[in-house]
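These are the residues of each chain, in order.
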Amino acid sequence: MIEQNLILILVLLPFVGAIAASTISVNSRNAAAWLAALVMLGGLAALSALHAQVAEGRVPRAVINWIPALHLNLSLRVDGFAWMFVGLVLGIGLLVVIYARYYLSKTDPVPRFYAFLLAFTGSMIGLLVSGNIILLVVFWELTSLLSFLLIGYWYQNPAARDGARMALIVTALGGICLLAAMLMIGQIIGGYDLDLVLASGDLIRAHATYPVVLGLFLIGAFTKSAQFPFHFWLPGAMAAPTPVSAFLHSATMVKAGVFLLVRFSPALGGTGAWFFAVTGTGMATLVIGALIALFRHDLKGLLAYSTISHLGLITALAGIGSNGAIVAAIFHIANHAVFKASLFMAAGIIDHESGTRDMRRLSGLMRLMPYTGTLAIVASAAMAGVPLLNGFLSKEMFFAEAVEWHNGTWLDNALPYIALVASIFSVAYSLRFIMTVFFGPAPVDLPKTPHEPVPWMRRPVELLVLTCLVVGIVPGLSLGPLLNMAAQSVLGPETPWFSIAVWHGFNTPMIMSVLAMALGAALYFAFAMRISDGPEGPPLLHRLRAQKMFERSLLALSWKWPRVLHRLAGTERLQPQLRLIVLAAIAAGVATLWAGMRLAPQPQLTALDPAFAVMWAVGALCGMGAAWMAKYHRFAALVLLGGAGLITCLTFAWFSAPDLAVTQLLVEIATTVLLLLGLRWLPKRKEEIADDRLASARLRRLRDLAIALVMGLGMAGVAFVVMTRPTTSNIGDWFLRNAYHEGGGTNVVNVILVDFRAFDTLGEITVLAIVGLSVYALLRRFRPAPESAESPIQQATDAPRLKDAMFVPSVLMQWMFPVMIVLAAYFFFRGHDLPGGGFSAGVTLAIGLLVQYIATNVRWIEARLIVLPIRWMGAGLLIAGGTGMGAWLFGYPFLTANAQYITLPLIGPVPVATAMVFDLGVFALVVGATVLMLIAIAHQSLRIARIRAQDEPQPSEQAAE
Amino acid sequence: MMELVLSLAIGILAASGTWLILRPRTFQVIIGLCLLSYAVNLFIFSMGRLTVGRPPIMPKGGFVNPDAYADPLPQALVLTAIVISFATTALFLVVMMASRGLTGTDHVDGQEREP
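Chains as they are written, first to last, in numbering that gives the first Met the number 0: chain A, 0 to 960; chain B, 0 to 114.
Source of the hints: derived by calculation from the structure; they are not laboratory data.
Think of the CB as a built atom: it goes at the ideal place given N, C-alpha and C, for glycine as much as any other residue.
A few of these clues could be false.
Computed footprint of chain B on chain A, listed as stretches where at least three residues anywhere in the stretch have a Cβ under 8 Å from a Cβ of chain B [as the list claims (entries may be wrong)]:
hint: 1; region: 663-670
hint: 2; region: 706-712
hint: 3; region: 716-724
hint: 4; region: 731-738
hint: 5; region: 826-838
Produce the entire structure from the sequences given, and follow the hints as far as they go.
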């Protein structure tokens with residue numbers, strides 16, 4: 000139990016910290032830094048509490064079931080490998096937090112930085128300890144998203160925006176491929192549990208889709224770890240603040256890819272395809288990264304390509320996959336994180352204090368900043384692989400694997416030579432970094448005069464460099480136990496103990512190291528001048544800019560090609576689009592129903608009531624009449640539409656659906672009023688439109704008529720066939736049987752709405768609220784067409800007579816107001832047991848209010864009665880949502896309803912159901928939304944009157960226009 | 000034969016509605032959508048078969064025979080549909096008004112068809 004909580008703290012604490020940091024005032028730099036540092040320390044404390052268990056080879060877990068049926072659980076596990084990696088992330092994270100406090104300037108929004116950094120740390124830890132491969136992908140994508148925010152932290156800078164976008168596109172696309180791979184693995188082995196996946200390596204490798212799974216998986220890992228040919232986003236990400244680079248490109252973001260390769264090597268590795276793809280890519284990246292790094296003039300650019308190269312090394316080791324190679328890979332993950340973080344920080348200090356990162360301008364800094372210079376020299380020596388430093392040890396192990404491990408392929412035979420070449424470049428660029436920046440003549444013409452930074456900005460670098468030395472000199476005592484713990488968790492408990500020694504004797508790897516150092520130094524000194532005079536990048540290759548190619552293809556994909564496609568196959572006109580939709584609907588109906596749809600052998604028919612037939616004869620005429628009149632006689636069409644609506648309403652009443660009849664009637668009234676209000680703003684249509692008589696227009700109408708007839712015939716046919724079939728028992732029976740026991744109401748339709756399917760209703764009222772607000776927002780910016788702006792003829796000429804004619808109806812309507820309120824209350828309270836409910840009550844009250852607007856005028860009514868529809872809507876949503884959440888207090892899922900009878904003194908038992916409270920929320924929201932829409936439209940006349948009043952006194956202005 | 004009448008009614012309303020939503024004037028489209036929503040609501044409702052005089056109002060307690068009542072599920076669905084189609088009609092009406100104000104025409108494309 001304790002360990003479960005510790006793991007949850009480990010993952011959740013950074014996210015909580017991130018939320019807390021985002022609420023801190025922009026100016027409190029220290030508060031945010033302290034918070035971030037404490038969160039990192041808290042994480043380290045939780046991690047160290049888990050150490051004892053992990054060291055014994057056990058795997059502490061925390062599992063929260065989510066959807067067990069789909070094998071989707073929030074499962075977290077900390078094994079040795081994850082433990083070591085999390086330690087690395089938190090440790091370097093802590094140092095980065097301290098460093099960033101002094102690196103960021105006063106004008107930067109510091110709390111935002113720490114909030115992103117903490118959230119990123121949380122997602123990285125989540126990724127490392129996920130015990131479910133889908134959860135792993137979720138955290139994987141979170142790291143992509145947060146690295147986007149971190150790289151783009153200085154969003155005023157276009158380079159930062161471009162770099163962040165490119166990083167996001169590349170890594171998130173990789174993440175999608177990874178998700179596909181994980182889903183396929185889940186399909187193969189029937190579950191998403193990481194332990195199950197790692198144990199099912201043979202099953203996966205033998206499956207027919209293994210090559211596809213492998214390809215998708217590797218695209219995910221390679222994009223994240225910036226492997227060739229996806230390496231190009233990493234240099235672009237150097238536009239980030241240096242603490243971000245020091246964190247993302249040493250210990251975390253890019254290491255996620257190699258983490259994944261090492262972690263999944265038992266499940267996917269060990270095949271020829273794995274070896275060629277992973278080791279091949281790794282070796283190519285190793286050489287290319289080291290080669291380009293030598294030719295970069297930008298300090299961070301050099302470090303970026305060096306990072307790519309070292310990631311290639313780790314990838315190559317993961318591809319070899321022997322025990323020694325995996326140990327070396329894990330070892331190098333840690334070593335590279337330590338020395339590269341310190342180098343990034345040192346580069347940041349140089350940039351911070353001198354104002355430039357260009358190696359052609361920097362020179363002789365050793366005199367001005369001796370401490371920083373010494374630290375950077377030691378760290379770059381570790382990068383170059385100089386003995387007695389940590390980089391040397393893992394590099395030696397890499398050489399040893401390259402030389403000693405064999406599977407007989409050409410790539411295997413070439414490994415030592417490729418490794419040697421890359422190593423020569425690596426020595427050369429490390430040397431270049433040291434020689435150009437720290438030695439040589441004193442610098443001239445720098446933006447700032449460099450000097451040593453504040454001590455606390457240097458402390459993190461000192462600690463990291465000290466780690467390089469300690470691990471390099473006494474590896475067995477310092478990192479040895481952790482390394483073996485991590486290796487055993489990847490390779491299995493039977494893995495032999497690896498002892499790491501500084502001195503292995505004078506063997507082949509040692510000769511290779513000496514050769515690399517000698518040749519690297521020679522290479523650098525021979526070409527130093529030519530490199531610094533040359534372009535930014537290796538000869539010839541610098542013309543091939545992967546970033547440019549990426550930008551160009553992105554432009555083609557997202558802009559040029561879609562436009563071509565749109566021109567060829569698209570239309571912006573509504574009619575063809577709607578026609579296509581209707582035709583597609585007909586086609587879908589025919590395709591699915593044509594084969595199986597037959598009339599039942601003995602159609603069940605109800606005896607015809609002639610009144611019903613007459614009723615629908617009228618209804619059909621109304622419908623067709625509305626269709627006929629809608630173009631030139633809008634008012635008539637509206638009346639006919641109302642007729643068809645009334646017949647529909649009667650039909651519901653006829654066939655045992657009183658709730659529907661009530662709702663349909665009320666909504667019909669509201670719709671008609673709405674459309675009447677809208678009629679005023681449409682253009683007058685007195686003359687016939689000339690084009691209507693053209694042959695092409697007639698042909699169009701004929702074609703649409705045919706489509707409409709097919710649609711109508713199809714709907715009628717399907718309806719008839721289904722209606723005459725006997726029913727089968729269905730879910731409706733369950734609702735009928737359980738409405739009273741479970742829902743505490745006798746009106747089953749209402750119980751379904753507010754209890755059984757209350758979540759749907761909650762969604763529906765939310766839609767209603769959104770529509771109400773959209774209507775309101777649209778009308779705030781509404782500008783009517785000029786000819787609609789005048790008063791209607793009736794109002795302009797007959798105003799006094801109109802008022803007289805309306806006198807009696809308006810008095811009646813005002814008297815009706817209390818009656819309608821009572822009616823609304825009546826509908827509401829009987830709703831759970833008899834026809835009625837929140838919807839119909841709400842529309843009734845809205846109509847009551849609306850009638851008052853019609854009876855008098857807007858100004859009169861609003862002087863006496865103020866409706867605040869938005870408050871009604873807000874209250875309604877809160878009540879409905881709050882009722883749902885109330886169920887949590889009693890330990891039930893969201894929106895669990897409760898019904899019982901409460902005995903009140905004198906009155907006796909009274910039914911009380913939480914569903915009624917929910918219904919109250921529905922009621923309030925429906926009132927608010929309906930009134931909001933109707934009033935917003937009605938208010939347009941007022942606004943127009945106001946605009947007219949403003950315009951009239953200045954006729955000269957209009958003339959001037 | 001009530002079924003035949005109702006299915007014919009559904010067909011006629013659906014055909015009128017479909018014809019109207021393919022027309023070029025915004026008001027025609029809005030009337031068409033209303034007619035189509037009647038047709039679709041009736042269609043969904045009719046999937047529960049036609050029952051006369053047996054609304055789904057239960058007795059309080061006791062055994063319930065589901066065959067003695069109309070199917071409540073299509074009714075609940077249609078109730079939701081009625082309210083939502085009201086909301087979409089309102090939204091479409093306002094968009095129609097705004098588009099007319101902006102473009103000066105009531106053609107659905109915001110411009111008259113090119114000759």
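Could you check the structure against the hints above and give me the numbers of any it violates, in ascending order? Nothing - there is no hint that the structure violates, so all of them hold.
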